[in-house]
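Trainee: Quick one: dock chain against chain with the hints and give me the complex.
Residue strings, one per chain:
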Amino acid sequence: MATQSVIGQKNNKGQTFTDPRYMMHEAERTPSFFTGSEVIKEAIRRASCDVMIAYPITPQSEAAALIGELFAEGYIGDYFRGESEFAVMSQCAGAAFGGARVFTTTAGPGTMRAMENFPMWAGARLPIQMIVTCRGINSPLSIQPDTLEISYLMQTGMLVWHAETAQDFYDWILKGYMVSEEPDVHLPLALCCDGFFVTHTKDMVDLTPVDMCLPPYDPYRSPVPCMDMECPPVRMMRDPFVMKSNYISYATHASWQQEVWAAVERSRKHSIAWLDGLIDTENTDAEILLLASGTAVSQGREAIEILADEGIRVGLVKVKTLRPWPGEEIIEATKNAKHIIVPEFNVTGWLAREVKATIPNNERVHAGPHVCGGMTMPPEIIASEIKTLLGIKVQTLSARGS
Amino acid sequence: MTTRYKVMPGPEHFLPPSAASMGNSLPDPGQGHIHGSIVPEEQAMEEAAKQFLAAKVPTIFPGPLVLWAWNEKAAKKAKAIRHLFETLKDCVASTQTPMLIPMPDYRPKYPKINPEIEINPNHPNLTIWHNKIDACIFVGVHCHQANLSLKIIRGGTDCYTIAMCAQAGHEDAMLSVRDTTADKILRLADWVKKLKGTVEPPK
Numbered sequence: 127m128a129t130q131s132v133i134g135q136k137n138n139k140g141q142t143f144t145d146p147r148y149m150m151h152e153a154e155r156t157p158s159f160f161t162g163s164e165v166i167k168e169a170i171r172r173a174s175c176d177v178m179i180a181y182p183i184t185p186q187s188e189a190a191a192l193i194g195e196l197f198a199e200g201y202i203g204d205y206f207r208g209e210s211e212f213a214v215m216s217q218c219a220g221a222a223f224g225g226a227r228v229f230t231t232t233a234g235p236g237t238m239r240a241m242e243n244f245p246m247w248a249g250a251r252l253p254i255q256m257i258v259t260c261r262g263i264n265s266p267l268s269i270q271p272d273t274l275e276i277s278y279l280m281q282t283g284m285l286v287w288h289a290e291t292a293q294d295f296y297d298w299i300l301k302g303y304m305v306s307e308e309p310d311v312h313l314p315l316a317l318c319c320d321g322f323f324v325t326h327t328k329d330m331v332d333l334t335p336v337d338m339c340l341p342p343y344d345p346y347r348s349p350v351p352c353m354d355m356e357c358p359p360v361r362m363m364r365d366p367f368v369m370k371s372n373y374i375s376y377a378t379h380a381s382w383q384q385e386v387w388a389a390v391e392r393s394r395k396h397s398i399a400w401l402d403g404l405i406d407t408e409n410t411d412a413e414i415l416l417l418a419s420g421t422a423v424s425q426g427r428e429a430i431e432i433l434a435d436e437g438i439r440v441g442l443v444k445v446k447t448l449r450p451w452p453g454e455e456i457i458e459a460t461k462n463a464k465h466i467i468v469p470e471f472n473v474t475g476w477l478a479r480e481v482k483a484t485i486p487n488n489e490r491v492h493a494g495p496h497v498c499g500g501m502t503m504p505p506e507i508i509a510s511e512i513k514t515l516l517g518i519k520v521q522t523l524s525a526r527g528s
Numbered sequence: 003m004t005t006r007y008k009v010m011p012g013p014e015h016f017l018p019p020s021a022a023s024m025g026n027s028l029p030d031p032g033q034g035h036i037h038g039s040i041v042p043e044e045q046a047m048e049e050a051a052k053q054f055l056a057a058k059v060p061t062i063f064p065g066p067l068v069l070w071a072w073n074e075k076a077a078k079k080a081k082a083i084r085h086l087f088e089t090l091k092d093c094v095a096s097t098q099t100p101m102l103i104p105m106p107d108y109r110p111k112y113p114k115i116n117p118e119i120e121i122n123p124n125h126p127n128l129t130i131w132h133n134k135i136d137a138c139i140f141v142g143v144h145c146h147q148a149n150l151s152l153k154i155i156r157g158g159t160d161c162y163t164i165a166m167c168a169q170a171g172h173e174d175a176m177l178s179v180r181d182t183t184a185d186k187i188l189r190l191a192d193w194v195k196k197l198k199g200t201v202e203p204p205k
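Here the protein sequences come in this chain order: A and B.
The numbering used here puts the first residue of the first sequence at 127, with every later residue one more than the last.
The numbering used here puts the first residue of the second sequence at 3, with every later residue one more than the last.
Pulled out of the complex, with its shape left as it was, chain B reads as follows (with noise of 0.2 Å):
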């Protein structure tokens, strides 16, 4: 299935539209999509996995939704995803430079931001640690707050996003999967290693 509206790398407009209000529609248990085209989920990870090693700066958010003990699979994932920063690590040239930046929670924080320090999901554009992340993934971020940003994100920004979705996914990423678990996060990890040396890095 494929869409008319690609979900790409921005920045793309003063407002972007969301995916959904031009037809995009989100992928079915076991699918991903990539650039609102729907996809095998094998296939989205493969490629999530590629466009990790090909970033200068891989980064991380993970959400509040795996940053705060809320249940048990809250901590396995927040593991999953510690495990998947670390087989990144590993993996990557000495030119880039994975990160791993928490978004603890949604307030805007005025009357500024350490950029250094955490993404506000109402400035991801002009605080996701000074505009240099070219490749994130979204993960443990509540659906619709992680639309707003992954929609800002695309209006301002050349960063690649990649949604790891609990529920349903998010069109407004140019790369998700759905149903989201810690086994999952870890699958992603091995995608990482396994192609680790095929992807050319960033000069």
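Next comes chain A alone, as it looks inside the complex (with noise of 0.2 Å):
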């Protein structure tokens, strides 16, 4: 393989071409003190990205810049800014037909704007990461956290995973190219996480050594060629046999999709062993559940530690990826829960539905408390909620700071 022929080698920038798993795994740490912008820039820095193409939209315009800043100092090898997001997206297509490895961020309705790429990207199985610093998209204008968009992302045969931390954040960008690059696997990755909560607040985050990097990306492990639009055996792009009415032409197209989605299910496997597990728990064993992603996490975190001083025993499911979905570990994890209880930063609770259509006896599942448009969730939210579900009576949240 050419990506194992290069290990050991220097990049023009001197860093060494490092086997993943143990830049990853073992290579030493190094404690930093960052925001989840400036993270996003050293996990990149590590990527061995070919091309990063940007956009600005609020609260993703710092890490794209920050990547710019990347460019400059030789990391990257292209890096411009698009006409809008669709552009970016169509552009991002792009560079990956021609087996470049390819990044880009993006929140909200930047998101939604270029969501007609997103399944044109597992369909033309592209291992493209697009960071999403999730927003608000509806009107009125909100720029503030709010996870709605992942909801939309779910049904594109994309990858997504939902990061609970910088520190996830940083690792699973460099993971989450090894996952999506594998052969039978190759499709995009959403790697979402909520908007400034993790991008505008600084965190300890762990980081690799910066003279190691990822091998680079080796587009002859593709599933399918490489796009050239002149020659076999790619020339299909200006023959596509979507265009022909027949049973077999919509047969093709139909076992297409299903094998975007059976890519999807094969990368469960390389996403167990690179993220140790699709979902983390604690204390799976009591009768009230938190389960949740993103940093509805760590306000369940908090909750369940207010709680515990009430003498409420509260166990936690941290959900880290969306697509594979953990179906099979939620039913495993959840199995002595009488109430599970799922916060969410969205108006939908989608994350609910998906756990409700997953597990058997759902009526236990209690979904939210819900927040959305920015809103913060404070522990006692959650906390009041649970109690409030177990018939303990709650002092009303607006006694607060009186």
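Among the clues, some could well be false.
[Said to hold, decoys possible] No more than 20 Å apart at the CA atoms, straight line, and that leaves these computed lysine to any residue pairs for SDA-like:
1. A:395 / B:181
2. B:78 / A:347
3. A:395 / B:25
4. A:513 / A:492
[Stated by the list, open to error] Short derived list, chain A residues pointing at chain B, Cβ under 10 Å:
5. 350
6. 377
7. 378
8. 380
None of these hints come from the bench; they were simulated from the model.
All values reported here derive from a predicted model rather than from experimental measurement.
Where a beta carbon is used, it is the ideal one built from N, C-alpha and C, also for glycine.
Mentor: What follows is the structure, given as structure tokens:
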């Protein structure tokens, strides 16, 4: 493999192409105090990216600009600004079709504007990585954290992971390329976080050595040929079978879609190996479980501590990957629970819906508390909701601070 | 390791599911799978040889990754495939008709493809030699296109599908090995030679 043959060699910045397992699991880490945006930059510094395409939209603009600095420093092959989010995602596709490792970032209305591209990326088996710093998408305008856009991404055929912390973010950017570039997967990854809560707050993050980087992408491992519009075997791009109206053309398209979702399933094995499981759990023997993704997990941890002080024991399930969906893991983790609380930063409760569709006796699932449009979710809100569910009288939160 | 979903010769369904969506996993290095059950690679190779020796029209479908001289490895594999075909011809009975049908590219061809000459990956159940092929090996086909074709063949024909994959293998074939090199193709030819006369040919 070309990928293997470069291990130990140096790139033009003096970084050594390193076995990713050694780099991520064994190499010495340096604790650093960074914002989430700065963490994105540091991960990409070590990711051997060929192309990054940028467009400004809050709250990902800072990360996109910081990666421009990486380009100026010579860590990225090419970097430019697209005309719009739609253009950016189309340009990402072009670069990936040509065999490049591609990175981009977006958020909120930008994600929605570019949406047409995401099933196209997945259908074309392009292992592009896109950071989604989630924010409000609806009118009236909000730039504040809100995870509604994730529910749209979950139906595109992309891998979708939801980071809780800046540390998750750092590790998963690098590990994400390893999963999504596997030849049996070879799908784009939407690596999501809750905007501002992760991107604009500082946290301690353990970084891998700056003189180590991932081996470059090897396009010869792709399950589809690199695109060449004129030459076989890929001239099908201008001879699309989908334009024909007959049974077998439709069947081929149906099989094509099935193959994309089969690849999502195949990512399960690799994601489990790289992320140490699709979920994390704590105290799943408790009768009450809190199940969440993203920063709702962090708020949930604090709520669990508040409740523990009051003698109420609550376990935790942190969902790391939404696609692949950790169905069997969630069934196993929740088998003892009488109450499953699902706090979310969105109005529709998409995570609770997914859980309800997964587990037996789904009346155990309590969809909430919900906040959205940039509201915070104080741990006291979660604790109060759990106590209400248990029939314990709680003080109204409007009295707080008085 | 076993799976509940068996990948068997069809015709299975109007639109069969992908095996991965039914919970079938790909083999790890050194392994293969038969009908979705993970087995040692050598067991899969032996079974592939048996299936070919028992078929009326055992057919090799080499794809673009071995038909085009991308690199030295591709050329080496192409020679190994030719050797496998010649070995097969030497080892079958007169009632059997081994075939070598290339899949040179993935363009859908309209108004029709000539099924005497090549396989159209997007019309495999209609265009593989008039649907008379009862066992086939995919080799050198890009994984995505291979999975599409393998699944459509399973849906619409009773052909026994085998995939020799250079990457991670194929759940949508009835039998698959992974990390295929020229040497591995030659090893399959050795199995065919070794099992010659031990498998009852079709009448």
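Trainee: Now look at each hint and say whether the structure bears it out.
Mentor: To see whether the hints hold, each was checked on the structure:
Of the supplied pair hints, the one linking residue 395 of chain A and residue 181 of chain B holds, its CA atoms being roughly 18 Å apart against a limit of 20 Å. Annotation: proposed proximity of residue 78 of chain B to residue 347 of chain A holds, straight-line Cα distance about 18 Å (limit 20 Å). A C-alpha spacing of about 11 Å is found between residue 395 of chain A and residue 25 of chain B, which places the hinted pair at or below 20 Å, so the restraint holds. With a C-alpha separation of about 12 Å, the suggested pairing of residue 513 of chain A with residue 492 of chain A holds against the 20 Å cut-off.
Taking 10 Å as the C-beta cut-off, the interface hint given for residue 350 of chain A holds, the closest approach to chain B being about 5 Å. Interface restraint check for residue 377 of chain A: the shortest CB-CB distance to chain B comes to about 6 Å, inside 10 Å, so the restraint holds. Given the 10 Å rule on beta carbons, the hint for residue 378 of chain A holds: about 5 Å separates it from the nearest Cβ of chain B. A cut of 10 Å between beta carbons decides the hint on residue 380 of chain A: the least distance to chain B is about 6 Å, and the hint holds.
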